[in-house]
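Colleague: The residues making up each chain are set out below.
There are 8 protein chains.
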Amino acid sequence: MDPDRLRELIDGVARGEVDTAEALERLAQLPFVDTEHARVDTHRALRQGLPEVVYGPGKTPEQIAEVVAVQRQVGLSVLVTRVEPDAARHVLRHAEGGDYDPASRLLWFGPEQVPIRGKGLVLVVSAGTSDLPVAAEAAGVARRFGNEVELLQDVGVAGLHRLLASSDTLRRARVLIVVAGMEGALPSVVGGMVAKPVIAVPTSVGYGAAFAGMAALLGMLTSCASNVCVVNIDNGFGAAHVATLVNRL
Amino acid sequence: MDPDRLRELIDGVARGEVDTAEALERLAQLPFVDTEHARVDTHRALRQGLPEVVYGPGKTPEQIAEVVAVQRQVGLSVLVTRVEPDAARHVLRHAEGGDYDPASRLLWFGPEQVPIRGKGLVLVVSAGTSDLPVAAEAAGVARRFGNEVELLQDVGVAGLHRLLASSDTLRRARVLIVVAGMEGALPSVVGGMVAKPVIAVPTSVGYGAAFAGMAALLGMLTSCASNVCVVNIDNGFGAAHVATLVNRL
Amino acid sequence: MDPDRLRELIDGVARGEVDTAEALERLAQLPFVDTEHARVDTHRALRQGLPEVVYGPGKTPEQIAEVVAVQRQVGLSVLVTRVEPDAARHVLRHAEGGDYDPASRLLWFGPEQVPIRGKGLVLVVSAGTSDLPVAAEAAGVARRFGNEVELLQDVGVAGLHRLLASSDTLRRARVLIVVAGMEGALPSVVGGMVAKPVIAVPTSVGYGAAFAGMAALLGMLTSCASNVCVVNIDNGFGAAHVATLVNRL
Amino acid sequence: MDPDRLRELIDGVARGEVDTAEALERLAQLPFVDTEHARVDTHRALRQGLPEVVYGPGKTPEQIAEVVAVQRQVGLSVLVTRVEPDAARHVLRHAEGGDYDPASRLLWFGPEQVPIRGKGLVLVVSAGTSDLPVAAEAAGVARRFGNEVELLQDVGVAGLHRLLASSDTLRRARVLIVVAGMEGALPSVVGGMVAKPVIAVPTSVGYGAAFAGMAALLGMLTSCASNVCVVNIDNGFGAAHVATLVNRL
Amino acid sequence: MDPDRLRELIDGVARGEVDTAEALERLAQLPFVDTEHARVDTHRALRQGLPEVVYGPGKTPEQIAEVVAVQRQVGLSVLVTRVEPDAARHVLRHAEGGDYDPASRLLWFGPEQVPIRGKGLVLVVSAGTSDLPVAAEAAGVARRFGNEVELLQDVGVAGLHRLLASSDTLRRARVLIVVAGMEGALPSVVGGMVAKPVIAVPTSVGYGAAFAGMAALLGMLTSCASNVCVVNIDNGFGAAHVATLVNRL
Amino acid sequence: MDPDRLRELIDGVARGEVDTAEALERLAQLPFVDTEHARVDTHRALRQGLPEVVYGPGKTPEQIAEVVAVQRQVGLSVLVTRVEPDAARHVLRHAEGGDYDPASRLLWFGPEQVPIRGKGLVLVVSAGTSDLPVAAEAAGVARRFGNEVELLQDVGVAGLHRLLASSDTLRRARVLIVVAGMEGALPSVVGGMVAKPVIAVPTSVGYGAAFAGMAALLGMLTSCASNVCVVNIDNGFGAAHVATLVNRL
Amino acid sequence: MDPDRLRELIDGVARGEVDTAEALERLAQLPFVDTEHARVDTHRALRQGLPEVVYGPGKTPEQIAEVVAVQRQVGLSVLVTRVEPDAARHVLRHAEGGDYDPASRLLWFGPEQVPIRGKGLVLVVSAGTSDLPVAAEAAGVARRFGNEVELLQDVGVAGLHRLLASSDTLRRARVLIVVAGMEGALPSVVGGMVAKPVIAVPTSVGYGAAFAGMAALLGMLTSCASNVCVVNIDNGFGAAHVATLVNRL
Amino acid sequence: MDPDRLRELIDGVARGEVDTAEALERLAQLPFVDTEHARVDTHRALRQGLPEVVYGPGKTPEQIAEVVAVQRQVGLSVLVTRVEPDAARHVLRHAEGGDYDPASRLLWFGPEQVPIRGKGLVLVVSAGTSDLPVAAEAAGVARRFGNEVELLQDVGVAGLHRLLASSDTLRRARVLIVVAGMEGALPSVVGGMVAKPVIAVPTSVGYGAAFAGMAALLGMLTSCASNVCVVNIDNGFGAAHVATLVNRL
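Chains as they are written, first to last, in the working numbering: chain A, 14 to 262; chain B, 14 to 262; chain C, 14 to 262; chain D, 14 to 262; chain E, 14 to 262; chain F, 14 to 262; chain G, 14 to 262; chain H, 14 to 262.
Hints may contain errors.
Below, computed lysine-lysine pairings styled on DSSO-like, alpha-carbon distance capped at 27 angstroms [stated by the list, open to error]:
hint, chain 1, residue 1, chain 2, residue 2
1, F, K132, E, K132
2, C, K132, D, K132
3, H, K132, G, K132
Everything labelled a hint here was simulated from the structure, so no lab data went into it.
Could you put the whole structure together from the sequences, leaning on the hints where they help?
Modeller: Spelled out as structure tokens, the structure:
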């Protein structure tokens, strides 16, 4: 399907000549769509029942608004990640119906309440205040992906009583995302407290020998708790994606 | 409970004066046990219904045999990882009823058929022949942990037709473990083919700029497929542990 | 030949007293030319039939304009790489007849259509949208160096169907340049699909463990496809140069 | 095609019931073959007219002999790389008709004279005596892949007169493989002397800050000669493969 | 004082012509002594009331025996570190009165009970069984340096209950040495439980991304507990030296 | 205790209805306090008799002012680290009674003279002028933590006479903090001159191969003086904390 | 000598009450001087007959002007390195008689012609245009330190004819400073052409795998020419200092 | 000149038909010689009046003996570096008149007393006992290259009095080679004590964060003494070569 036919289809939807169900069906048959700037994969989102996700950095507000518009016209939700407040304001001027959360830097175009499809609780645990942006991204994405989510913050390993006081919460979780910078020790401790899969997210928080997240990353990869797996530094989004797939099983 | 009382309990079991159920119950109440060489955690295995796992390297055959004996007396299964053939032969001379698999270097003391507790298929996918030991460890551990397991090997990304020919198998899996050395590209490709959690295991296979698994590790952490999480280099055991927990959800 | 005599020669050309053929012949006999700021090598471009190439970064618009002027007077084409839009506008105010392409950041002074000297198709394949600037540089340079060029973009390995749908295009190429950031897996996959030389370009796209292109670079160097060779991170120009020399064979 | 049917086919050839042409045709239709230990790709070699290549390290002499036997029965040539003298002797006891070269550590099963299919000279240039094993591998592989090959050795950059004295040889080459350890400067110098593609191979020769080839690798990637591309450390085979593909264009 | 006069002095002691007090006084005035193989510093040990310490690796048993003999003749105690069992046996054949401990690899020549000069308890805490050799070295050295020492082992962070059960012991310590490999998280947790100085020792235990202690080292340097300072990887001796100086304050 | 009850308590103090002693007692029973932005640990400061410390970077002046206000109301001193002059001015407009020192970038809310609780002299030694900010932080923190402190600066190892001229000062110290960038050699030299614990602080001073403090860090970790332990790069605060705990023993 | 007495001495010079000879003599007896901001070493410069050198970065123009004033009053020359044009203008407003060279970023206060004390030619050789700032610093410092200096630029190894054309110049040098970025190959080539000491300076020129000078640094350290020694990345000053000391022998 | 003619020439010398002077003259005209295994450069040694140097590692005793024989026949001295005792014994059985020193691992074929051509003292300074092999290599090579050499050992920076006691020796040197492992601080201290060029040699002595010489290398490159230049890790030979060239000026 070439871009022209895609545009025609979308215009048809816009003019009310093609209904959403039909448009979706036709789109679902396409493996991908060639637009002016990129080859967009509409397939996966549709098959998995997940919103389209756009990685914000390196895109102008105009480009983001354009992508959002295309998706919204065919009835898809869109989640834009890592959008700074200024850029968010800019996009929201061009694209209606968006919701921006500065803590997680997520920009959301979709229903206010996403239906819960995850079977249990996704618990996001955060070591320090500075790790909060990454933890908030993980929590926000997991919510928009249809999970019940709780966020347990500031439970670093140098103050164990805080973590121990939350052991009931830890046990209630079906899958855990643990976010930590500096020495990245929290996933090891949490991993020892629960018999559930732990997805560890190192953050670039720290200075000197933290080497922009390297110390935390190596620490998590060599964790003495063997129920821990790891995603890239600051990758709250990836952790939420893995957690969502696990939580739907 | 001090070592003496532990020994007494175990001797009681050995002499038939204490039955297994009672011994297990008493052990389950202990958070840990101080033996001569180490503080052993009997708790977790019992609660999670997993066998005790012993990491082989750095232990003499005698030490391994000793640990095995203690566990076997109270009726627990034991899995010893990374045992070289010579050491295995040595251990098997001291400890009866063991089963050694040279491909995975796993030494198993327990029932021949572990009851299946995982809800679906754990698929282990391996890039090249040299990655096989790690893939075999992952597969072997997952089996001993009560999962249905399949091993799909030699489907490296430079020969896509092999992988594509196996797409049905990929889709049948509930959780995937993908093992690759060198550039570690296989998890990205597999991650794009399935909407399931992918646990990636970099291996130390390769030379020069492979830097003993570093190239594969970095590649997997920066995967363009966001349903991928990563464990330590050559850590087939860890991948199987995470997969088991996921597969029981 | 000293700078004064060079200036004299160029002035002669400017005044119409020396014709281009003669000037070229005299220049071709010089191994190099000492100008005020640098020892310029006029030799190679003349012998190879390639335009002079100027690396933009670190040069002021005035310096670029000056170099361009000198080359243009003796009838040589000039290609300036990595010129930001602002700098380009500045140069174009001083030097006439230039053509700037913001996508590739190339600034070109020469014939609109460079005669094709390459014997086949140079195909530039790009993994993600963010890799486009490097891919565009490679494609633009290859075109200015006299090759037929096609650009196949957004065919990352996590969406294999896109790449497979383009397998005919891949097979039509005589030499391929494959551009990818993050885990840099695309050259391995493409290398397995064609029996042609593949020149891999890692990009600095990605964050965290991508380490500014290091992950992609290591991945490409350890590719399991052995028809792959590698140039420096973001070095679209170098890839195009090698491809040009190969394509003229 | 399952292993049994493959064995049947090969037995048929062995018994003279199936002729080679027919066997080859049937094999060429298979994308791959599942044997006991690996999924072997017979496709590529057949399509490209190259011998099958087996990477020696990590395989026992018995395993190598087995693979060789299978390939030889259907009439394919086999090249085994990085075989140490002891292992070679062992293999040659089991597999007839092999030819071992200790300098390049290549073990060859095939015609003594491979028909020349490359259109020009592949020149292998080597910096120091210690780089010779890698250079010899590159030269040996290129010969077995059907190229006219010359080897120019011991022309390190600290003794320029040696290199300059060979400039005619350099100019005669259609494609060059340049092998160097330590600071890896030779490809830059050679790249400046020829207008041909240069494939650089860093070697692990050197100590201290050479970091097992890292210094040479980084030096070649950042070469000031832009007609240079690079393969993995010590990867003489890869360089020869790329050179062969280029030389057939 | 030249070697000859030193020998004379020592011979005098050996023959009973010079008494120990006089010999010590004369030695204490020397900043250093030139022997055949090295310039030995007798000063510091004498002033600080610490035994002479010899780093074993790289020395032959004969050389160790020689050094020990010289020191013993003037009445000094000697502690040799990192001596493998075979070498120890060898030394003990040449030098009488030594005591070897295989767990800590320490070889001691001096009084069986060193008088306690430290003002409180030096507690050595060890994460896993594999960290024991380093922890034993730290504990053994601290004892030989005149401290009351306890060793708390196998209290890794993935089994918090073990550590929590020992909180009284932790609080009794005046200075703590915390030894851990892999992710090296234990010092952060212990540091949060006590208001005492914590000396962290990373060990080279672990594989893959542990990078021979690098992960633990970085983790300890970036600890979120700010009462932690760090010594070199596996440097149990250095930790004990610092702890001794602190414990004498 | 929930935030509301905390607020109530603090309001009670503010209104004079609860006296400080009672408030402190109630706070001391709390392991931690949940405020709007973070879980604050009031415990440790109270038990250890140390002021609350706030790490400045990443916090807005408003957030800092808020935290300060809460602590001040219950009578606690607060020390804010790494505050740039502009931010300090901003905070001081909102929070009364603060004292800012630009050299150490410390912002202090508490008594002008902190009672001395350390038993001896904490000596901060600094290698070069550029290391001064880190040395000043260490000295400032140690003073606010109740130590007698002296600062000996510009005694780099390339001008030994300066250091030797200060040997009396070195010997007067009970514990030493040694701050150095570039090659970080100063702690080794100082460590050899005193029989006291030396806490080494590498700084990010230097360029090129200094790698932002890496050279100094590695140098200090491998110091030939074994009475040296190390904290993170630029971590003057951590060094002062360890020194304070040591100096109170 | 305390700062007050220093000030008195300098004031005496300023008022003409103390003559320069006397002031110099008194200063030469001081190992160092404590000023308000730093412990300044006046010794070395005086003994070696070299001007005082001030490293510019991290100092405000006011601080530089102050230091210059102090030195100038007692008749010493001062060389300030790495001064950006804006800062230079600023300093020159406060301190008279200075000379600023933007190419080398050197600011000089002293005689226009420094008497030649070096016994031969110091030749500075530079690989590319971008290496010029470092080469100019080396050349400028060497001149101010009393050497005859020549600068040979743009003789990179990819254009050997340029370098060969300068072989007479190379042979005329008594000591050579060779400056190169990227792969840093020039010192190896130059080292092979002369039997003189070569001081190599890697520069941070280059991108990607140049890793801010790391590639050049490693290349120079592993040079196959053994008459090469190396200084820090971009350290033109250090190279000139070593060259000066060598050239005075 | 081809190998045959070379052999003829050497045979002529051996038979007494060609006298040495004539042979030398003819060899001096050759830029290089092609032997069976390598292109040998006879030029440099002859022109510089230095013996031929052979790097031992990677050569069999037979190969070394062969090279030695060739050189000796034409009257050249030969120095073989890094020869282990066993290999040395082997070579000495084949080649007469050699002298082996196990401390420096140097094998020498030439006059017992090399005429002194250096103008002053080359002083080799060594930090610790373990650095001795490298220091001995530097000293031995410098002696064989015609320098007066002294070796000052075991003067590490943690025992300053030793170094200070040798300050007269330091001042007597014309050029200094300073050898140190671990933190590599010695060159900085020595560099501050003398106004002479200091050639620093990092050694691979040390463990953990010493990273096989990396810590010492970085420390020396970032030395605060600017009269220091650096050679590769363990490169005692290179340091001696540079020192020799400097000492002949």
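Colleague: Against this structure, judge whether each hint is valid.
Modeller: Each hint tested on the structure:
1. F:K132 x E:K132: holds (15 angstroms)
2. C:K132 x D:K132: holds (15 angstroms)
3. H:K132 x G:K132: Holds, at roughly 15 angstroms.
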